[in-house]
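Taking the hints into account, I'd like the entire structure generated from these sequences.
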Amino acid sequence: MPELPEVETIKKHLQELVVGAEVERAEVLYRNLVEQPSVEEFERRLSGVKVTGARRRAKHLIVGLDSGDSLVLQLKIGGQLLLVPPVEEPTKNLMLILHLDGDRKGGSAPETSPDNCCAEPPLRLFLRDETEFTRARLLDEQELRERLWPRARAVLGRVHDRVLEWKNRFSQGANKASVAGSESRRRHREHLRGRDPLRREAASPSQGEHAI
1 MPELPEVETI KKHLQELVVG AEVERAEVLY RNLVEQPSVE EFERRLSGVK
51 VTGARRRAKH LIVGLDSGDS LVLQLKIGGQ LLLVPPVEEP TKNLMLILHL
101 DGDRKGGSAP ETSPDNCCAE PPLRLFLRDE TEFTRARLLD EQELRERLWP
151 RARAVLGRVH DRVLEWKNRF SQGANKASVA GSESRRRHRE HLRGRDPLRR
201 EAASPSQGEH AI
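Heads up: the sequence shown at position 24 corresponds to 24 in our numbering, and the numbers run straight through without jumps.
It is worth saying that the hints were derived from the structure and are not from the lab. Mixed in with the good hints, there may be bad ones.
[To be verified] With a Cα cut of at most 25 Å, we get these calculated DSS-like pairs of lysine-lysine:
1. LYS92 <-> LYS11
2. LYS59 <-> LYS11
3. LYS59 <-> LYS76
4. LYS12 <-> LYS59
5. LYS76 <-> LYS12
None of these values were measured; they are calculated from a predicted model.
Written out as structure tokens, the structure reads:
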């Protein structure tokens, strides 16, 4: 499963390579990938929109679009995002293909003509996962606040509760150790002074006995 540093790295790569590009067309190759909305609406709302940003919330990748929607990806166990030119396109375990134009980071796309040999070719963003556990959602701003942010706050709340629980346990253990240490030191001082109460009880005659 991608850990937080890996998800953060993917987010930075999206910011550098994909922000500013327009999604000309979206192809869903694995229908179970899409949790919300329907697959048909998912493809329709992803077509003709421009990528405005990329961010991360926990292990969720959030790709902002100029339509106001956000593409939320949870890569789960084996999810991968690949941005490659056509000659290097993968063919196995594909779940989603985003067809991008050649315009990235907000720059103007170079004209493609026989005289322009340096024109930036269109790229495709591939999502693949051999485990098929990766999931995608397309949420508007209100849905993003209602569904994703409360979950993140709930996770942080559970972490905070666990920290307080362990802090209380440590504090109680420290108090017990402090009381036990104080009692041990007191008895040690009395022992050195010859006034150990346990020694006095052992030395004193029991009831019904007389000292000689």
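Evaluation of the provided hints:
no.: 1; hint: LYS92 <-> LYS11; result: holds (23 Å)
no.: 2; hint: LYS59 <-> LYS11; result: holds (10 Å)
no.: 3; hint: LYS59 <-> LYS76; result: holds (8 Å)
no.: 4; hint: LYS12 <-> LYS59; result: holds (14 Å)
no.: 5; hint: LYS76 <-> LYS12; result: holds (19 Å)
Checked against the numbered hints given earlier, the structure satisfies every one of them.
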